[in-house]
Amino acid sequence: MDASRVREKSRRSVPPQGSGAAYRKYGGRKVLLIALLGVALIAVAVVSLGLGSARLSPLKVVEIIFGGGDARSAQIVLGIRLPRVLAAIAAGLGLALAGCVMQNVLQNPLASDYTLGVSQGAAFGAAVAILVGGAGSANAAGAVRDAFLIANPFLVTISAFAGAMAVTLAVLLLARLRGVTPEVMVLAGVAMGSLFSAGTVIVQFFATDVQVASIVFWTFGDIGRASWRDLAIIAGVTVPVTVWFLLKRWDYNALGGGDDIAHSLGVNVGRTRTIGMLLTSLVTATAVSFLGIIAFVGLLAPHLMRRVVGGDYRYLIPGSALAGALLLLVSDTFSRMIIAPVVLPVGAVTSVLGAPLFVYLLIRGFIKSGRRAA
Amino acid sequence: MLRVKGLSFSYGARAALRGIDLEVAGGSLCSILGNNGAGKSTLLKCVAGILRSDRGSISLGGEDRDNLNRREAARLLAYVPQREIYRARLTVFDAVLMGRRPHIGWGVRARDLEVAERVIEELELDELSLRFVDELSGGEYQKVVIARALAQEPRVLLLDEPTSNLDLRNQLEVMHTVRRAVGERGISVLMAIHDVNLAVRFSDVFLLMHDGAALAGGGREVIEAGNIERTYGVKVRVEERNGETIVTPVLDPPGEVTHGE
Numbered sequence: 001m002d003a004s005r006v007r008e009k010s011r012r013s014v015p016p017q018g019s020g021a022a023y024r025k026y027g028g029r030k031v032l033l034i035a036l037l038g039v040a041l042i043a044v045a046v047v048s049l050g051l052g053s054a055r056l057s058p059l060k061v062v063e064i065i066f067g068g069g070d071a072r073s074a075q076i077v078l079g080i081r082l083p084r085v086l087a088a089i090a091a092g093l094g095l096a097l098a099g100c101v102m103q104n105v106l107q108n109p110l111a112s113d114y115t116l117g118v119s120q121g122a123a124f125g126a127a128v129a130i131l132v133g134g135a136g137s138a139n140a141a142g143a144v145r146d147a148f149l150i151a152n153p154f155l156v157t158i159s160a161f162a163g164a165m166a167v168t169l170a171v172l173l174l175a176r177l178r179g180v181t182p183e184v185m186v187l188a189g190v191a192m193g194s195l196f197s198a199g200t201v202i203v204q205f206f207a208t209d210v211q212v213a214s215i216v217f218w219t220f221g222d223i224g225r226a227s228w229r230d231l232a233i234i235a236g237v238t239v240p241v242t243v244w245f246l247l248k249r250w251d252y253n254a255l256g257g258g259d260d261i262a263h264s265l266g267v268n269v270g271r272t273r274t275i276g277m278l279l280t281s282l283v284t285a286t287a288v289s290f291l292g293i294i295a296f297v298g299l300l301a302p303h304l305m306r307r308v309v310g311g312d313y314r315y316l317i318p319g320s321a322l323a324g325a326l327l328l329l330v331s332d333t334f335s336r337m338i339i340a341p342v343v344l345p346v347g348a349v350t351s352v353l354g355a356p357l358f359v360y361l362l363i364r365g366f367i368k369s370g371r372r373a374a
Numbered sequence: 375m376l377r378v379k380g381l382s383f384s385y386g387a388r389a390a391l392r393g394i395d396l397e398v399a400g401g402s403l404c405s406i407l408g409n410n411g412a413g414k415s416t417l418l419k420c421v422a423g424i425l426r427s428d429r430g431s432i433s434l435g436g437e438d439r440d441n442l443n444r445r446e447a448a449r450l451l452a453y454v455p456q457r458e459i460y461r462a463r464l465t466v467f468d469a470v471l472m473g474r475r476p477h478i479g480w481g482v483r484a485r486d487l488e489v490a491e492r493v494i495e496e497l498e499l500d501e502l503s504l505r506f507v508d509e510l511s512g513g514e515y516q517k518v519v520i521a522r523a524l525a526q527e528p529r530v531l532l533l534d535e536p537t538s539n540l541d542l543r544n545q546l547e548v549m550h551t552v553r554r555a556v557g558e559r560g561i562s563v564l565m566a567i568h569d570v571n572l573a574v575r576f577s578d579v580f581l582l583m584h585d586g587a588a589l590a591g592g593g594r595e596v597i598e599a600g601n602i603e604r605t606y607g608v609k610v611r612v613e614e615r616n617g618e619t620i621v622t623p624v625l626d627p628p629g630e631v632t633h634g635e
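Protein chains in written order, with the numbering used here: chain A, 1 to 374; chain B, 375 to 635.
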């Protein structure tokens, strides 16, 4: 900006700075926050790649990633740990994003893969596959998590995916009959969730001890299950859906004001809601059917970010995605390090780490707005 | 300009609108008067396209509404529903900028920010622009909502009870704001409102509705005792005082309250 324009601007003293300029600065801060989150994610990923029974410094890890290091370390980092770290990032990202968009299209802060029955559907599908597929041959010699090998993991994955999608399609069908309102969808989801939970219980009742144990272990969720091929499928679903959500960010913003507002801003409310449900379920079902149930990420990450970057989906979508990835990566690293070589169920660890953080932000948020109101 | 012809709508078997005709020129404000359930909100929702009318046609600035896609319609028409609540934690600027949604392709352009900034300045919301909308007072909030509608740069603006829940001062402020913005932009405004005197003071034309049908329509001359009594089912006195039309309900002695029908 040249000097004359600066003078021009300062002469126009009321207001000293237009609301647009102040707003741009405000937006810039959010971008910075999200960028920091991205940097943190990369840093944690590098550290995590170095952690394990063969400990490597972050520097060494970077060297290996860029093609250096000895063959054995390279094998450990790239062959064993990298797929796990990437799977944690992809799944965390997908689950958080799905929660974020679900909460918006259903206008319900409690909406997540759990409240809508997607996870229960997946668990039921997996249970049926384990029962029918004759899964669960005992391997008592291994570590705890290897004790119950699933005979046909591919069948279990397909079946879990089918179960999750069946729930979603049932919910969407019910909504089609009764009107595509958030209330109908949430209630239908809750009903489907209990139905499929009951189904899982019945399956377990008829299963052998080993099968029951396998079913229970499947539901714990384990990032270590991911192979390169699984990872490719999870990423192949998650990445295009993420792009779609980013493209539709203004629609989600408009929906935040309610159906009528969204409508008057030119949004096709019914279609946005239906497609949103379908895609969020698809992402969740894919992650869950490969890795097992990972609770709370879909609820926690978007709500954390709402408190940090606010309710604007232009920032909330990338923010939630990165927060979810970071959360699951930290949780997974924690779960395999804390009492190594035993790996804790990552779904439980996310809740243990996430819940206190969430409660802290919840209380801090309330105090802040309380002070302002006073 | 807004033109509505023979508009009918029913909720299931119950007819809510019976052949409404209406014309609001650019720069003028039309108030819809009528009791609860007379069809005021339904009419607005039909014009907004939220409800699909059974019969009749709507034209916005000369374009038939049926020939417009959602985005095109949203560039011509803005709607402010009754009792709107934002669940999202957004700043005032965010909320106003949202009005640009029908104009935004991939990203916000400089022009979108300019329009939002100008509307914010015009409605004197500068001070509030980075405050969160869920921390505003009722009057401030109503102005933000109207600012969003104006940022949409519509030709037609629909307002559903913009002054309900506001105190006297804010009612007047909001109506002044609407009046000024409409005059400057030449927008056609269709507004549902309960306060007859507020309507009379700020409107150019009126549509009196009863049970889904139009009882009378036109300029100030339709505000006379007979019309108002048939609209609300209440006895009224219409007076001219200092050049202003004032409508006062007449209370009969207890026990003799007339209910019109």
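Some hints could be false.
What the hints assert, rightly or not - Restraint-style ranges between C-beta atoms, simulated for each label pair:
#1 A:GLN75 / B:ARG483: 28 to 36 Å
#2 A:ARG364 / B:ARG604: 40 to 48 Å
#3 A:ALA340 / B:ARG457: 54 to 62 Å
#4 B:GLY479 / A:ARG271: 13 to 21 Å
#5 B:GLY481 / A:PRO356: 31 to 39 Å
#6 B:GLY479 / A:PRO356: 55 to 63 Å
#7 A:PRO356 / B:ASN410: 46 to 54 Å
#8 B:ALA484 / A:ARG364: 51 to 59 Å
As the list claims (entries may be wrong) - Output of the computed footprint for chain B on chain A, the stretches with three or more beta carbons under 8 Å from beta carbons of chain B:
#9 163-171
#10 301-313
What the hints contain is simulated information worked out from the structure, not anything from laboratory work. Backbone N, C-alpha and C define an ideal beta-carbon position, used for all residues, glycine too.
Results of checking the hints against the structure:
1. A:GLN75 / B:ARG483: 28 to 36 Å: Given range 28 to 36 Å: violated, Cβ gap about 51 Å.
2. A:ARG364 / B:ARG604: 40 to 48 Å: 58 Å, violated
3. A:ALA340 / B:ARG457: 54 to 62 Å: 56 Å, holds
4. B:GLY479 / A:ARG271: 13 to 21 Å: For GLY479 of chain B and ARG271 of chain A the Cβ distance comes to about 19 Å; the hint holds.
5. B:GLY481 / A:PRO356: 31 to 39 Å: The hinted range 31 to 39 Å holds for GLY481 of chain B and PRO356 of chain A, with Cβ atoms some 37 Å apart.
6. B:GLY479 / A:PRO356: 55 to 63 Å: Taking Cβ atoms as reference, GLY479 of chain B and PRO356 of chain A lie about 42 Å apart, which means the hint is violated.
7. A:PRO356 / B:ASN410: 46 to 54 Å: Cβ of PRO356 of chain A to Cβ of ASN410 of chain B: about 49 Å, so the range 46 to 54 Å holds.
8. B:ALA484 / A:ARG364: 51 to 59 Å: Because 36 Å falls outside the window, the suggested range is violated.
9. 163-171: It is violated, with 0 qualifying residues against the three required.
10. 301-313: Answer holds; 4 residues pass the 8 Å Cβ test.
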